[in-house]
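First to last, the sequence lines map onto chains V and Z.
When we follow my numbering, the leftmost residue of the first sequence carries the number -16, and every step to the right adds one.
When we follow my numbering, the leftmost residue of the second sequence carries the number 52, and every step to the right adds one.
If you are wondering where the hints come from, they were derived from the structure by calculation, not from laboratory data.
One or more of the hints may lead you astray.
To be verified - Coverage of chain Z stretches by chain V, computed from C-beta distances (three or more under 8 Å per stretch; other residues unrestricted):
(1) 71 to 78
(2) 106 to 119
(3) 189 to 202
(4) 205 to 213
(5) 218 to 226
(6) 247 to 255
(7) 318 to 325
Stated by the list, open to error - Here are some chain Z residues pointing at chain V (derived, C-beta under 8 Å):
(8) L176
(9) N259
(10) F284
For each residue, glycine too, the CB sits at the ideal point set by N, CA and C.
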Amino acid sequence: MAIKSRGWLIYAAFVAPAILFFTLIILIPFLRAIIFSFQDWDGISSNIQWVGWSNYQQLLHDASFWKSFNFTAKYVAATTILLNIFGLLLALGLNRAIKLRNLLRTVYFLPYVMGSVIVGFIWKFIITNLFAQIGEATGWSIFQKNWLSLPDYAFWSIVMVAVWQSVGYFMIIYLSALQGVPKDLIEASEIDGAGYWGRMRNVVFPLIRPAITINLFLAIANGFKGFDLNYSLTGGGPFGTTQSLAYHIYTEGFGRNLFTYASSKAVIFFLILATVTIVQSLVLKRREVEM
Amino acid sequence: MKKRDKRLNWIIFTILFVIAIFVFFPLYVTLVNSFKSYNEVVSSVASLPSVLHFDNFKTVWNQLNFGGVFMNSLMITVVSVVGILLISAPAAYQFVRRPGWVSTALFMLILSSLVIPFQSLMIPLVKVASDLHMMDSITGVIIMYWGFGIPLALFLYHGFIKSIPRELEEAALIDGNGIVGAFFRIVLPLLKPITTTIAILHSLWIWNDFLLPLITLSSKKNQTIPLASSVYFGQYMNEWHLAMAALTMASIPVIIFFIIMQRNIIDGITAGAVKG
């Protein structure tokens, strides 16, 4: 008995710090976000009122919330497609016996290790100054516009910078999957007379499917969580057209101090991302069973 | 190699090389313009500087108090990461070695929080943090990173510990080590590969993180590098030459870290993505 209780003491000592900090920093704030979403509070006064579902009812008719939702959905779609296409193409290129492979890989990956806010500022400078000067020098109308002040151009600016920054990351995951494809399988299919596309479709793609699934969901989840580039590159503008959901929650919560109302948006935001993650794990599980 | 393949590889190499130049160009532009005077930046972004203005860096260093800001970033990153490792490894070890409903329930609870995005709890976090006097304090931010870093670290440690045989620890226990001694002397060294992965993933995240410092650190003396650099991009600022110097200074530490640790970073990030 003495040994057993000593064992539990050690167990508690090993586990307690993790539980403590997890509870304090994640669990309590998260539960409070849910509670906040059913309350009305200005952040200062001592009385907090329960308001039931009214925050949620309000957000159903909140044009700025839906505007940021639309932006985010479009942004997720665009970045997911572009990151995966370009990431896969770069990986297929680097998977060949070409010169300077390691150097090229390093260059493609480099932007990913830099902070997104720094990256956003770099591109803000390039778009506002370099593009304008290119426009002057060449007379090309596309560079004579101020991209960050036109809604469509601002949207594609963020997408472009996000792809520039993260494509190396997606490439790395595809590359490591491609390197795991057994050489003899490729050779066997060549002997069977399969062309390049036939080989891709029937041998390579099925074998790298786990990487495709991982990358698709990574792109979706990261896209939904986007904040830094919206903050640094466009500041959500012009006219709030490039406010992501995360940026919208930030400005509502900390700019306008609508703690409780913004919390209801935060809960919706959580539900969207939780759905993405759960669907992902179901898809991955089903694949495992198939294989 | 077939002749046709060789030619194709040359074509692909040329395309990839041109893409690499485009990828690198923004970094080149940043570096080059950080050495120019304001007028030169505004008149020609793409050209090389006529005179190297090292003063830009001096001005930025003083205006941002870059030495102090750098130390803040370093301190926050190192203490946060070491803390995350030291908190998560022992917990994961017990969860694996003492299975049962308690371990399963606690592990699943922490693991399931991986689906909670930071932005959905940041508002109440600020409230909780100010109740606990953790706002505008470097210690406070470090403690918050401990909390946010635990789920992924615990998950990766848990998977790794499952794969190491029990016999080694039992031998250590028989040799007269207590369980604590066996953990620190035998288990922790065995965890080195996964510890490296976790340390790299969390270092990059914390070093580059912007949103948590933005909402919790308000005074200038506590700022991190990304936070301090953003002053050159406020609404009415257009001192582009200083801004470029600031961005260059902000980027250099992480680029050096990347070049030195490249192999580990790429392996760690791949492992983290595939398992996470």
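If any of the earlier hints don't hold here, list their numbers in rising order. Numbers 2, 4, 5 and 6, in rising order.
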